[in-house]
Amino acid sequence: MNSHKNSRSNESSSSDDTHCPNKSKTPLIRIKNLYKIFGKDEKKILEQVKAGKSKDEILAETGHTVGLSNINLDVYPGEIFVIMGLSGSGKSTLIRHFNRLIEPTAGEIEVAGSDVMQLSSKDLQDFRRNKMSMVFQRFGLMPHRTVLENIGYGLQVQGVKKAEIKQKATQWLETVGLDGYANQYPGQLSGGQQQRVGLARALCTDADILLMDEAFSALDPLIRSEMQDQLIELQEKLHKTIVFITHDLDEALRLGDRIAILRDGVLVQQGTPVDILLNPVDDYVEAFVKDVNRARALTVETVMQPQICRISAETIGEAVLQMRKSKEDFGYVVNKDGYQGVITQDTLDNVETSDYSNVLDASLLEDVPAVQSDALIETVIPEMLDNILPLPVLNEDGEVEGNLCRSTLADVLSDQPSSEEDKKSTYA
Amino acid sequence: MSDSSWLSEIPQLDRHQLLDIRKTLDGAYRSFSREYGDNIEAFFDPLLTFLIWFEKLLLGSPWWLVVAVLAVFAYAASRSWKLTVGVAVAFFLIGFFGMWDNTMRTMSIILVSTLLAILIGIPIGIAMSRSDRVQSTVTPVLDIMQTMPAFVYLIPVVMLLGIGKIPGVIAVIIYAVPPVIRLTNLGIRLVDKEVLEAATAYGASPTQRLFGVQLPLAMPNIMAGINQTIMMALAMVVIASMIGVKGLGQPVLKSITNQYFTLGLMNGLAIVALAIIFDRISQSYAKRTLQNLGGH
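Protein chains in written order, with the numbering used here: chain X, 305 to 732; chain W, 706 to 1001.
It is worth saying that the hints were derived from the structure and are not from the lab. In this text, a Cβ means the ideal position worked out from N, Cα and C, and glycines have one as well. Check before you lean on any hint, since a few could be wrong.
What the hints assert, rightly or not - FRET-style restraints, in silico, Cβ to Cβ:
1. Phe-916(W) - Ser-494(X): 23 to 31 Å
2. Asp-837(W) - Glu-537(X): 41 to 49 Å
3. Gly-867(W) - Gly-367(X): 40 to 48 Å
Chain W on its own, in the form it takes in the complex:
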């Protein structure tokens, strides 16, 4: 670069320097994954075993049993016959159009991912609500997680763990965990100060305050966060299928590359059906259990 050109052109590293940076970082990461990849994989082994077991359970059970169990869940959560019947019919139709196995696979990975996201997200949200410093460090990380294209963080995950279920679950969690963290934090911060003060005035310990007051009162927000997390996990299914996660995403991916419109549409609709079912069940559960919080 000549000295005077910085006015017209942005100063830039030359190609060699950039290449060096990339090479160094890639090399370092590669050697890191060679060094520790096995250990990390071993660490995730129990999760993998569980995932496989759960998937087999869903696939191995007779279809009517699965539909019945889901219907019972729907009724227990919502106490609504309409929703219960809707769930049963939706699953029957999914099976009727030949998407049963893929739906079961997707469901198993979604349920496990959501569960993990909640288990990871709520404690982080609580930590954020307790300290402004934690909040100001975690918030930008969440921003990155939500805006960074999913493909970008698929690369290191795949480099580290190869393709398969575990990297899929990790990718889904990274994508889906921010809402539950954010809304747990927000929910706890929004708890009525006077109620919390009352608890303190009566000598409640920090633990009693958290479990007796803050979490129950933050529940509407936390439930909204969980709901969002489920929805985002479902949205991630197609992308996750690119790294070998079996399920409804794969036929969609196949239809994109081969221009099979109907196949894509049907599998897409199955994902939508799953999303609506999860959404309605979790929403009505939240609404039913939290109705006293509204103060109506």
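The following block holds chain X by itself, in its conformation from the complex:
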């Protein structure tokens, strides 16, 4: 699972635009100026909201609740877009606008180029059948239908033939690892198993877009991370567009290609996980981010120094020349077999000028272990502690991409106490 997560984050940070990894593509879902006000007289209150009155003022004066206020977001094909916020921030309300389970007070919703707000109730039904499927926090399974019938529900609603439903549903049942449970009823399954059924039901309709409303929040932590793994694994094969709602930042960081943070019905920040983690826009986001164990959430490449001195010389003389061009007093020696080791200025200074024509061989190099760019920071800390020199960072092809030194690491991690320490200090 690591490899997947990290290969995706590779993509996102290799493009300079941290805001959206798929800038070239057109968005699959586009939400524009969306407002939702709960109460009797939504339209009238809308003017006041637009005029800039706060949520609390409106509630106190008119008894109307502002659910969502001026939401603008784009979701691109093939990404996992996470919407995060505390309870009451409007995230579940927002996701229900995507398929119009909730009608907005004002705003535009566009999916795959068509305006969802203009659909007639018949078209809306077709839209829900074919374009989107949904996974619910409390599973939303039908207790009177067997597991297999539940998985095939979307197809049954579409009027697909029974034999075909059975065949497809069985296939998805096996994919989510519930073989043998086909004829059980949801009530006989554990929470995790039930949500697998929910997931299989969503996948069974072959819809491109998957809406997941706090899908894993009701599960216990172990099962939750198991389900996250499974989702990541499936997404690798299926490349769905997933809108995922959660209140758990760790989950958001783990799954999300991009994250939007919602507070009191307002989108406060949108960006890649690294963006959110390293550049929180305000106190609210910062408070969220504070408790995250960064060593576990960030990969090496997000914090490494890309400017390094690569020594590709064959002889010592060439190495000296290359070293002079760089400001650093050490260099990473690479040849066609990849990274070889570190050579320092000191070592080169000690070599006699007469030996400059000699081949640069292993005896001169310091043996510094390399780390993979997609490794989590947590996993490289031991190597970091064993070596004084900055560690070279290798990309997937084995090329040296940058380096990671102790001070960088200290900077990134010391911004906040790690969560374990936090707990200890509160209990002490």
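Once you've looked at the hints, dock chain W against the given chain X.
Positioned in the frame of chain X, the structure of chain W alone reads:
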């Protein structure tokens, strides 16, 4: 009435005015029933034919066949031998004590009334569950139906249709239909919102939602309503006998007027036996078919 007495006495219409009101209303209703009585009777004719046919069927069949059929029903519904044997023994005893014919008559009218009550009640319950306005109009009507003494609404029914089976069935239905309406409404309203939302999210049409989700999930409540309806229909048997419905109610009525304690008790017990049998069969059927809804 003098002007100052309203403090000590409640202001009251005088006797003539009251009489006028009664006369006008009674007269209007009477002329209405003269005008349309025949048409309304004609409207209920198919029902009457069916009632008579069903009663004759029950009375005409040999007793052992009826007992056997009832036992098979009991077993099919409950899959319990104990209940099946209980049903057979109960019916045998009813026959043994000479109440067979009356029991068959009562059973036929109860079954038909219950069936009609379900056919009328479930759609009304569904309509109530879909609209708060319908709910707020129907609820007081149901309250009236349940609290108004049965004798009171027997009067217009008898005025309109005379005495006999049809007014009996109508009276039984009026008395027995509220529980199935109320519990259908309640059952549908109590269906888990998220399950319903899931159905909507997958593009289920309103009809698919009703028959695929709402009704099946409301079934435990609807079955409880049907059960109550059966029980109330049985309770109505004695009152219905006052307007000429034959069956177990008539001997009870006779025993009240003549103080025949044993006759009353035996027929009363036969009604109780019917009630218990219907109750157990419908309950165990509901329990058996709906066991997955409990989420155990």
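Each hint, compared with the structure:
1. Phe-916(W) - Ser-494(X): 23 to 31 Å: holds, 30 Å
2. Asp-837(W) - Glu-537(X): 41 to 49 Å: At 47 Å between Cβs, range holds.
3. Gly-867(W) - Gly-367(X): 40 to 48 Å: Cβ of Gly-867(W) to Cβ of Gly-367(X): about 58 Å, so the range 40 to 48 Å is violated.
When each numbered hint is compared with the structure, a violation occurs for hint 3 only.
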